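Listed in order, the protein sequences are those of chains Y and D. With the first letter of the first sequence counted as 1, position 17 gets the number 17 in the working numbering; the numbers rise by one all the way through. With the first letter of the second sequence counted as 1, position 69 gets the number 1069 in the working numbering; the numbers rise by one all the way through.
Hint data in this document are derived by calculation from the structure and do not stem from the laboratory. All values reported here derive from a predicted model rather than from experimental measurement. The beta-carbon is built from N, C-alpha and C at its ideal position, and this holds for glycine as well. A few of these clues could be false.
What the hints assert, rightly or not - Have a look at the derived ranges for each label pair, beta carbon to beta carbon:
#1 D/His1130 with Y/Glu54: 47 to 55 Å
#2 Y/Asn241 with D/His1130: 14 to 22 Å
#3 Y/Gly74 with D/His1130: 33 to 41 Å
#4 Y/Pro175 with D/His1130: 30 to 38 Å
#5 Y/Trp228 with D/His1130: 24 to 32 Å
#6 D/His1130 with Y/Arg80: 35 to 43 Å
#7 D/His1130 with Y/Ser172: 35 to 43 Å
#8 D/His1130 with Y/Glu226: 21 to 29 Å
#9 D/His1130 with Y/Arg227: 19 to 27 Å
#10 Y/Trp25 with D/His1130: 27 to 35 Å
#11 Y/Ser222 with D/His1130: 23 to 31 Å
What the hints assert, rightly or not - Pulled from the structure, derived: some chain Y residues nowhere near chain D, Cβ distances all over 10 Å:
#12 Ser43
#13 Leu44
#14 Leu63
#15 Thr132
#16 Leu144
#17 Trp209
#18 Ser214
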Amino acid sequence: MGTVFSFDIRAPGVSAHALQGVVDWLHRMDAMFSTYRPDSEISLLDRGGLELGECSPEVHEVLELCEQASRDSGGYFTARLPGGLDPSGMVKGWAVERASIMLQAAGSTAHAVNGGGDIQLLGKPQAGRPWTIGIADPFRRTALATTVAGTDMAVATSSTAERGQHIIDPTSGRPATALASITVTGRHLTTVDAYATAALAMGEKAKSWITGLSGVEAFAISATGERWQTPHFPTPGNPGN
Amino acid sequence: MKRAIVTIAATIAGIVLLLGFKTHPMPETTSTGPVAASSPTAGASLQPSSGPTATGAPATGAPATGTTTLTGTTVETQYGPVQVQVTITGTKITDVTAIQVPSGNGRDQQINSYAIPQLTQEVLTAQSAHVDMVSGGTYTSEGYLTSLQSALDKIGIK
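So here's chain Y without its partners, still in its complex pose (with noise of 0.2 Å):
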C-alpha cells in the first residue's frame, strides 16, 4: 500500500510495547484491506472468494461505517467503485483513529497519528499552544496552502494529486475534476476521511454540504486554483476543538 504511519507522541509512558502492538495492528489492517494485494479479505470479498460471513469484524464495521457515509453524503461516498468492491476513501482514517484510541487505552494523552495525510490529534504537543497541521498544496510539492491547528480535532485531505486515487463522481461515473484538493476537520478521522473523500466528489456542491454539517469544517482548492473555506474553519486564529 505504500501509505506512511507517523506517530508523535507527546505524553510520557506510553510503552514500546504498546506502540508496537498499534503497529503490528495497522500491518493486519493492511493486510486486510488492500486492494493491491489479491489475497486480502476485501479482495476475496470483491471477488466471491470469502463470503461476507467469513470475513473478519473490522471488514464488517468498515463497510457498514461506508454504507452510513454513503447515505450522509447522497451517495458521493461510496466504497462501490467502478472497478469493484474499495473502501479505502474511509479505510486509512478509520485505521488511524482506531490507532490513536488505542494509544489512548495504552496511557496517552497527547498525540498525533498520521496516516498517509490523515491525521487525529489528541491533546496538546505542548502546554499552551494546539496541534498545528500543515495543508500540502496540491499544486506545489514543497509548499503548504494553509494551516489548521486544533486539539481533539481529526484532519483530511483528499486531492486529485494523490497517486493512484481516482475520485469518481457517481452522478457521472467519471472522475472528478472540479477541486484539486479539499481538506475536512472534525472530531473523529473516520467520518472526517470519508468525508473528504465524498467532498472531492461532490466538486463545487461540497462546500453547502459541509457548511450545513455540525462539528465538520473545510478548506478548497479548486483545479484553477481559486480556495474557499467554511465559515468555522479551524485556522490558526481560532482552533478547533
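With chain Y fixed as given, assemble chain D onto it according to the hints.
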C-alpha cells in the same frame, strides 16, 4: 547508470517515522550497529517498558551519542532503482539521502517528483513553517519506503 546524490538535511523534530521498533545498545563506530529511533521531543520521548524488547540508552536516560549511517537495499521500481541512506544521530533520524535515483533523459521532473521522498520534503516544509505535521501530499513512494525499511531493518526497527 547515473548516480545522483540528493542530500536532504532533515531533523525530524516531533515526528517519529515508525513502522515498529526495538531498542538496542548504542554503537561505538559508524557501522551498521543497532540503534533506536524514538521521538526526539525532549522529556516526552517514548518510554520503553522493561520487557524483553526494551533496552538501551533512551530508557536508561544515558545520553545517546554517535552517528550511524545505514544503507538500504536497492529497490527496483517501475521508474528505476531507488536506494536510501539513513543517518541516525543519537536517537534521531537526522538525514535521509536518496543515493540512487531513477535515471533517464528528459525525466528530471519525474525523478524530482519521485526520488526526493515526499515524506522528507514535507518534513522540511513542516520544519520551516513550524507545523507539527502535514496533511495531504503523497506518501506512496514505494521504492523509498522499501529501501528505508530495509535500512531500518538492519538495526532491528521493524
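- Provide an ascending list of the numbers of those earlier hints which the structure does not satisfy. Those not satisfied are hints 15, 16.
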